[in-house]
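Enquirer: Spelled out from the first residue to the last, the chains are:
Number of protein chains: 2
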Amino acid sequence: MGKLLIVGSVAFDAIETPFGKTDKILGGAAPFIGLAASHYRADSAIVSVVGEDFPASYLDLLRERGIDVSGIEVVPGGKTFFWSGRYHNDLNMRDTLVTELNVMADFQPVVPEAYRDADIVMLGNLHPDIQLSVIGQMDSRPKLTVLDTMNYWMDNTLDTLLQVIGKVDVITINDEEARQLSGEYSLVKAAEAIHEMGPRYVVIKKGENGALLFNDSRIFFAPALPLEEIFDPTGAGDTFAGGFTGYLAQTQNISFNNLRNAVIHGSNLASFCVERFGTERLIQLRPQDIDQRLERFRELTQFDIEVK
Amino acid sequence: MGKLLIVGSVAFDAIETPFGKTDKILGGAAPFIGLAASHYRADSAIVSVVGEDFPASYLDLLRERGIDVSGIEVVPGGKTFFWSGRYHNDLNMRDTLVTELNVMADFQPVVPEAYRDADIVMLGNLHPDIQLSVIGQMDSRPKLTVLDTMNYWMDNTLDTLLQVIGKVDVITINDEEARQLSGEYSLVKAAEAIHEMGPRYVVIKKGENGALLFNDSRIFFAPALPLEEIFDPTGAGDTFAGGFTGYLAQTQNISFNNLRNAVIHGSNLASFCVERFGTERLIQLRPQDIDQRLERFRELTQFDIEVK
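Protein sequences, first through last, are from chains L and D. Per full-length UniProt numbering, residue 1 is the first one in the first sequence, and the count goes up by one each step. Per full-length UniProt numbering, residue 1 is the first one in the second sequence, and the count goes up by one each step.
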């Protein structure tokens with residue numbers, strides 16, 4: 001059983017989809033990552049920041065799922081990061097209505113003493129300065145450092161982002177971001193170019209079209225589970241990262257073959273996430289639900305052709 | 001070893017991609033289907049029509065690959081169907097520059113006597129009247145009838161198309177066409193609606209994002225092989241259909257499990273097709289190329305998670 005250190009935003013989200021809307025609910029990358037990872041046998045901790053307005057019940061929720069929240073700083077008098085968005089009818093596009101960074105704007109992360117030797121570090125999507133600071137606080141190089149990021153940081157803080165990319169083992173980005181970062185249209189060529197920047201594993205997420213794992217010339221593909229209805233895509237990428245790193249922290253095996261399994265676990269958890277608003281489904285999830293759906297992934301992809 | 005009857009256009013294609021352009025080359029659905037299927041142990045025949053301008057060397061090419069071309073009518077003084085198109089830079093969109101139906105406009109298909117008991121009938125994309133006529137000429141219901149069609153026929157001859165759909169076992173269409181035909185956005189719901197129209201198997205092709213096979217509540221997914229470069233997408237869907245039906249004619253097993261394999265074979269052949277202009281790559285292909293790439297499909301998708 002390994003230690004998983006998660007850095008990421010903790011936020012209030014207000015979401016509108018064609019199926020309904022929410023008031024401010026628990027959001028941000030870190031809760032999705034942490035709750036997804038909490039379904040695996042690993043010691044997890046979150047490094048983040050919230051304001052005084054952040055409900056104790058949300059911290060309790062994370063604590064009850066076994067997540068160490070001592071690294072979540074509560075800023076007296078501060079306001080928690082707030083994001084609001086509205087999805088289009090096909091759910092593949094969304095408009096951001098509000099982004100209030102609040103306490104996130106001046107966040108200086110402090111990694112708890114007990115997690116400076118974490119096996120797996122999951123750098124959730126936020127300012128590369130914060131990701132770099134967390135990397136610098138580790139006692140030694142973790143077994144595996146995983147970076148999630150997005151086009152915003154490519155547009156605005158590319159130099160720092162490239163420093164971070166140079167220090168990680170795995171990067172997870174979507175297809176358009178992979179193209180932007182590499183300048184290559186072909187995802188195979190994009191992954192090659194990104195390997196050159198540092199990460200020996202490149203995960204390219206294609207939403208409802210699945211995810212590709214590249215490791216030099218080796219490629220693995222995990223489909224997204226075809227669902228009758230996608231209710232709310234918010235947090236699907238973070239949930240993928242949580243299932244991916246939670247499984248790796250549990251198994252402590254960072255070979256390419258086991259990363260294949262981790263991609264399936266990440267995709268599996270993400271398929272639940274989108275069935276309800278926010279983190280709701282991740283919280284209700286039982287081990288047997290996870291196992292049953294893993295079996296569906298097997299049925300979905302496994303075949304048996306005799307190659308002569 | 002089974003008999004495969006193919007009906008489809010035989011044409012001249014003139015293609016422009018970002019990588020180059022061709023003069024009039026061998027095109028149309030039937031040659032792609034037939035050449036792909038010719039890599040399997042099956043007796044195949046094409047029913048189609050060409051003009052007097054169609055080179056004997058193209059017919060010889062098909063004959064040399066073991067395809068019965070006695071059902072390809074040559075119209076004295078007629079001109080062969082001609083299509084010209086230009087692909088956009090990302091190859092996902094194309095503009096049709098020229099469509100000259102010529103002899104295809106009045107085509108009355110005649111199924112050769114020896115193929116009226118074919119095991120598998122592959123109805124390539126063309127006018128539903130022609131597809132219906134071929135179905136009507138069979139001595140008895142084939143083991144499996146596979147229909148390929150497109151949005152053009154949904155827009156213009158929906159009633160006849162629905163008659164054809166009601167008589168086939170498998171339909172292959174792309175994701176947008178599945179949505180148009182069913183009125184459902186979710187592909188899972190679209191497949192359910194299309195099952196109700198007749199076909200017990202629904203194959204939804206998503207181009208570089210792979211293909212889904214639906215059979216009631218069962219789903220199988222085959223990815224497209226990630227390629228460094230796609231050179232010319234023309235005929236990829238027809239090649240998929242040829243690999244799919246060629247493999248089924250060889251194995252004579254139309255269970256869901258074997259259709260999974262057939263979808264992988266179809267995807268495998270299609271991955272070769274797009275590497276060169278037109279049918280060029282399908283003609284050069286050796287059995288060991290096919291086997292090696294099947295192995296890549298296995299590596300791409302197979303994983304081994306212990307489900308407790």
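In short, the hints are calculated from the structure, not lab data. Among the clues, some could well be false.
If chains are identical, the list can't say which one is meant, so a pair holds when it fits in one copy or spans any two.
With a straight-line Cα cutoff of 20 Å, these simulated EDC-like cross-link-like pairs (lysine to aspartate or glutamate) come out [as the list claims (entries may be wrong)]: (1) LYS189 to ASP90; (2) LYS21 to GLU184; (3) LYS189 to GLU275; (4) LYS3 to GLU299; (5) LYS206 to ASP175; (6) LYS189 to GLU299; (7) LYS189 to GLU229; (8) LYS143 to GLU299; (9) LYS189 to GLU73; (10) LYS143 to ASP291; (11) LYS206 to GLU228; (12) LYS21 to GLU192; (13) LYS21 to ASP90; (14) LYS3 to ASP117; (15) LYS206 to ASP291; (16) LYS167 to GLU295.
Enquirer: Hints first: check each against the structure and report whether it holds.
Expert: Do the hints match the structure? See the list:
When the C-alpha separation of LYS189 and ASP90 is checked against a cutoff of 20 Å, the pair qualifies only between copies, where the shortest distance is 14 Å, while the shortest distance within a copy is 29 Å. Taking the shortest alpha-carbon separations for LYS21 and GLU184, neither the intra-copy value of 38 Å nor the inter-copy value of 23 Å comes in at or below 20 Å. With identical chains, the CA atoms of LYS189 and GLU275 are at most 20 Å apart between copies only, with a shortest distance of 16 Å across copies and 34 Å within one. In this assembly of identical chains, LYS3 and GLU299 lie within 20 Å of each other by CA distance neither inside one copy nor across copies; the values are 32 Å within and 30 Å between.
With identical chains, the CA atoms of LYS206 and ASP175 are at most 20 Å apart both within one copy (6 Å) and between copies (16 Å). For the homomeric pair LYS189 and GLU299, the shortest alpha-carbon distance between copies (19 Å) is at most 20 Å, but the shortest distance inside one copy (30 Å) is not. Proximity of LYS189 to GLU229 under the C-alpha cut-off of 20 Å is restricted to the inter-copy arrangement: shortest distance 9 Å between copies versus 33 Å within a copy. Proximity of LYS143 to GLU299 under the C-alpha cut-off of 20 Å is found in neither arrangement, the shortest distances being 32 Å within a copy and 25 Å between copies.
Taking the shortest alpha-carbon separations for LYS189 and GLU73, neither the intra-copy value of 41 Å nor the inter-copy value of 45 Å comes in at or below 20 Å. In the homo-oligomer, the alpha carbons of LYS143 and ASP291 never lie at most 20 Å apart, since the shortest distance is 27 Å inside one protomer and 37 Å across protomers. Taking CA atoms no more than 20 Å apart as the test, LYS206 paired with GLU228 passes in both settings, with 18 Å inside one copy and 17 Å between copies. Within a single copy, LYS21 and GLU192 get their C-alpha atoms no closer than 41 Å, and across copies no closer than 28 Å, so neither meets the 20 Å cut-off.
In this assembly of identical chains, LYS21 and ASP90 lie within 20 Å of each other by CA distance solely inside one copy; the values are 16 Å within and 36 Å between copies. Taking CA atoms no more than 20 Å apart as the test, LYS3 paired with ASP117 passes inside one copy only; the shortest distance there is 8 Å, against 65 Å between copies. Proximity of LYS206 and ASP291 under a CA criterion of 20 Å is satisfied in neither setting, with 23 Å inside one chain copy and 28 Å between copies. Proximity of LYS167 and GLU295 under a CA criterion of 20 Å is satisfied in neither setting, with 35 Å inside one chain copy and 33 Å between copies.
The structure does not agree with the numbered hints 2, 4, 8, 9, 10, 12, 15 and 16 stated previously, though it agrees with the rest.
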